[in-house]
Amino acid sequence: MISSQSSNPNEVPSQRNLIVFASALGVLLLYATYIFGLNVLLITGISIAFAFLVEVVFAKVRKKTIENAWIIVPLIFALMMPPTATWWMAAIGSTFGVFFGKAIFGGLGKNVFHPSVVGILFLYFAFPPYMLTKWLNPVTEDVVATATPLITLNRGIEFPYSVTDLLLGNVPGTIGETFRLGIIVLGLLLILLKIIDWKAPLAFLTTIFVVNFAGGLLSPDKFKDPLLSLLVGGVMFAAFFLVSDASTAPKYPYSKIIYGIGIGLITVIIRNFATFPEGVVFAVIIMNALAPIIDSMKINQKFSEVSQ
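Numbering (this note's numbering), first residue to last: 683 to 990.
It is worth saying that the hints were derived from the structure and are not from the lab. Glycine included, each C-beta is placed from N, C-alpha and C at the ideal position.
Label pairs and their in silico Cβ distance ranges: (1) P842 with S696: 41 to 47 Å; (2) V743 with S696: 26 to 32 Å; (3) N750 with A971: 23 to 29 Å; (4) P842 with W769: 28 to 34 Å.
Restricting the straight-line Cα-Cα distance to at most 27 Å, the calculated cross-link-like pairs of lysine-lysine (BS3-like) are: (5) K792 with K746; (6) K792 with K742; (7) K792 with K876; (8) K792 with K745.
Using the sequences and the accompanying hints, generate a full structural model.
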């Protein structure tokens, strides 16, 4: 989940990096609890408990100890859940993500796909009404249907949210995505402390902005406002907590840039041309699969060796 100073994605994150990264997630969790209510803590607690259960079982089967970074997966998973989710959804999704996204591959650093995203995608397809249509408005505390800023923007109707609302989290959305100002500050801090690498997140965000800007000039009906495209949905959260994941991203510097560009392009395509409102999770899982291929490209290896 966390970058190391070396280029080896299998290297276990240092205790310091783990604590800081988990603390950043904790800040978002506490703010979300303040905004959305105590159900956030229930979702998170259940996610952690069932993830730990899977970790314990596989540790006993393999006769290995549980790595310290195990808690990162259920934390990220919980932050990607809607605040209206039920406890059993958190249990199913967390179990599925850790089991099929991490444990069967052998643990941290050996997984091909981001376990948190695996769990969320399973819930998308298994329980779409719960994951995509029921949202909690933090201002009115009412459960509303299909009223997130992303869906509003995609529909091309009047956009009722200010940039301030989007930054401070006064909008419907998943648990961890709405406090975008906090995400940006925490993300930049993680980069400055060299806990995550900046290349893939920057390439990802830049691609979304540039493609929407250029596309808007050619086809304004299809492509959305480039700035709002960065501030709606899970783009900011994904940039710093999913795209930056060292265990599922390519290891070479130039490969990371290509990886980030790919996630950005797929996100824009799905958002503007597909039926699903959010394309980030699909983009991440697709590029996770392509990461080894990107690393195997000789031109990337050549330039990376020169730059290192």
